[in-house]
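Chains as they are written, first to last, in my numbering: chain A, 1 to 236; chain B, 1 to 290.
Since the hints were made in silico from the structure, they are not lab data. It should be emphasised that the depicted structure is a prediction, and the values quoted were computed from it without experimental measurement. Virtual Cβ for every residue (Gly too), placed ideally from N, Cα, C. A few of these clues could be false.
[Unchecked claim] Negatives, chain A to chain B, calculated, CB over 10 Å:
| # | residue |
| --- | --- |
| 1 | A7 |
| 2 | R56 |
| 3 | L169 |
| 4 | E185 |
| 5 | E201 |
| 6 | E227 |
| 7 | G235 |
[Claimed, not checked] Only part of the chain A face toward chain B is listed, based on derived beta-carbon distances under 8 Å:
| # | residue |
| --- | --- |
| 8 | L52 |
| 9 | A75 |
| 10 | R76 |
| 11 | F89 |
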Amino acid sequence: MALLEVADLFAGYSAENVLRGVSFSVERGGITAILGANGAGKTTLLRAISGLLRRRGSIRFDDQAIERTTTEDIARLGVGHVPEGRGTFLDLTTEENLRIGAYTRNDRRAVALDLERMFTYFPRLKERRRQQAGTLSGGEQQMLAVSRALMLRPRLLLLDEPSFGLAPLVVQDIFRIMRGINADEGVSVLLVEQNAALALELADRAYVLETGQVVISGSAADVRSNESVRRAYLGF
Amino acid sequence: MEAFLHQVFSGLATGGIYASLALALVMIYQSTNHINFAQGEMAMFSTYLAWSMIDAGLAYWWAFLLTVAISFITGVVIERIIIRPVERAPVLSVVTVFVALLVIFNSVAGWIFTYTIKTFPSPFPEQPLFGNRYISSHELGAIGITLGVLVVLYLFFRFTPLGLAMRAAAQNATSSRLSGIRVGWMLALGWGLAAAVGAVAGMLIAPIVYLDPNMMSGVLLYAFAAALVGGIDSPFGAVLGGFLVGVLENLIGAYVVGTELKLTVALVLIIGVLVFKPTGLFGRVFVSRV
Ligand SMILES: Nc1ncnc2c1ncn2[C@@H]1O[C@H](COP(=O)(O)OP(=O)(O)O)[C@@H](O)[C@H]1O
Ligand SMILES: [Mg+2]
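Given only the sequences and the hints, what does the whole structure look like? Please build it.
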């Protein structure tokens with residue numbers, strides 16, 4: 001069984017659905033990418049999985065149905081979500097932001113170790129440890145958002161356009177660390193990206209979303225060599 | 001000089017009480033962007049509760065503690081049952097609910113306890129402490145208790161995981177939920193804390209203004225002025241604003257306009273701040289880069 005199994009998912013903000021029958025899965029230990037143009041429904045998909053939206057269909061996480069579970073409980077099951085716009089607690093310090101990520105955990109010693117681990121992944125965050133998170137740069141806030149989600153010790157990490165608005169070097173940094181976390185700790189990843197080339201480099205499976213429906217799916221290699229993906233998303 | 005110092009000290013005592021109530025207003029405002037107009041009446045009701053217990057023979061401090069605990073629970077219950085259903089309603093509906101709460105508490109108190117003015121005991125001796133001539137024991141005690149409450153709240157919000165989670169929930173509900181924080185309960189806890197702080201304020205002011213169902217209307221106005229002067233989204237500002245308003249009220253009342261116009265001072269402050277500096281003295285200057 002896959003770690004996350006979504007079947008025939010409908011979701012949206014009003015009576016009209018944005019997602020219209022989406023099915024896909026994330027394998028245990030795998031990285032799945034969801035590609036699609038602006039407005040395709042990628043963010044809506046992640047929000048539906050986390051229970052932030054009204055949704056219908058089947059969502060199974062670790063063989064457990066979660067389509068009626070609340071956002072708080074889905075997080076407690078081990079789903080970390082790095083939201084669009086980063087979701088930083090602007091008035092809290094960097095360290096407080098990270099501690100919020102570990103709020104549901106009781107293992108204080110392990111939390112302290114994880115905090116140090118985040119600081120080794122992203123030394124910039126350590127420098128800014130006691131600084132108000134609102135004063136961090138966009139790249140630093142993205143590092144903070146990823147670290148905050150990791151502090152939950154998730155089994156599945158949902159990433160909403162981590163490359164958005166960041167300098168290429170910062171993006172490379174974040175993707176390198178994501179690959180490491182996936183490989184070393186077995187955290188499975190569902191990655192949403194407009195930057196298809198980048199996402200396909202990291203992912204092992206990929207789905208292309210257009211106006212709320214999956215139009216192409218397969219291994220990352222297959223999707224990369226797909227003619228229409230090349231034309232529409234890779235630009236060659 | 002002696003009279004002047006006396007005015008300042010007693011202003012600090014009532015100012016501390018305004019500060020507590022202002023802090024209660026700010027706590028709820030920060031998490032919901034609403035002013036709880038019923039905060040004063042809730043405090044008044046709590047004070048009647050304490051009065052009933054003392055009247056029934058309970059020792060003062062037991063009545064005090066029990067009242068704080070019951071007020072806390074009542075605050076939580078009010079949030080869960082009355083406020084939560086209108087959480088996402090338009091502002092006007094929410095204001096209506098607050099005003100309704102205010103009227104209900106006021107008239108129920110009048111109905112149970114009548115509108116006759118009652119005296120409320122102070123736990124502190126009648127003779128001034130340390131033989132000083134500037135400040136009564138009750139005023140000194142009130143300042144002490146107020147400072148104690150403020151310090152405990154500060155430590156709670158600053159250093160405990162629950163306090164941190166409450167601050168987080170107030171700032172960004174979605175991100176908090178994604179981190180597993182039960183935001184609804186954090187709001188309810190905020191209401192409980194606000195009600196408990198209000199109860200302390202009520203019990204401390206009652207020996208000064210006497211106990212009647214309308215005792216808090218003036219006090220809430222001062223607290224509101226304090227919160228606005230300090231900055232409605234700043235707990236520190238609200239506390240400082242409270243002490244400032246308390247002292248100003250006394251000095252202006254004694255030396256400038258006379259006691260009849262004291263309440264007008266609060267109104268002038270409120271309007272003045274809203275017109276000239278809506279963010280208050282310590283209101284937030286946004287520091288964010290995107
Ligand atoms: N908060 C919202 N309320 C109403 N409609 C929304 C909201 N957010 C997004 N939408 C609509 O849902 C569709 C998909 O948006 P989104 O999931 O954000 O796309 P993507 O993340 O792929 O760019 C768009 O048509 C958008 O206009
Ligand atoms: Mg998006």
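Do the hints match the structure? See the list:
For A7(A), the shortest C-beta to C-beta distance to chain B comes to about 23 Å, beyond the 10 Å cut-off, and the non-interface label holds. The beta carbon of R56(A) sits about 20 Å from the closest Cβ of chain B, which is more than 10 Å, so the claim that it is off the interface holds. For L169(A), the condition that its CB be more than 10 Å from all CB atoms of chain B holds, with the nearest at approximately 18 Å. Listed as a non-interface residue, E185(A) keeps its Cβ farther than 10 Å from every Cβ of chain B; the least gap is roughly 19 Å.
Interface exclusion of E201(A) from chain B stands, the closest Cβ pair being 27 Å apart, more than 10 Å. Against chain B, the non-interface label of E227(A) holds: every CB pair exceeds 10 Å, the least being about 38 Å. Distance to chain B confirms G235(A) as a non-interface residue, since its nearest Cβ pair spans about 27 Å, more than 10 Å. With a least beta-carbon distance of about 7 Å to chain B, the hint placing L52(A) at the interface is held under the 8 Å criterion.
Taken as an interface hint, A75(A) checks out: its beta carbon lies about 4 Å from the nearest beta carbon of chain B, inside 8 Å. For R76(A), the shortest C-beta to C-beta distance to chain B is roughly 5 Å, which falls under 8 Å, so the interface hint holds. With 8 Å as the threshold, the beta carbon of F89(A) comes within range of chain B, its nearest partner Cβ sitting at about 5 Å, so the hint holds.
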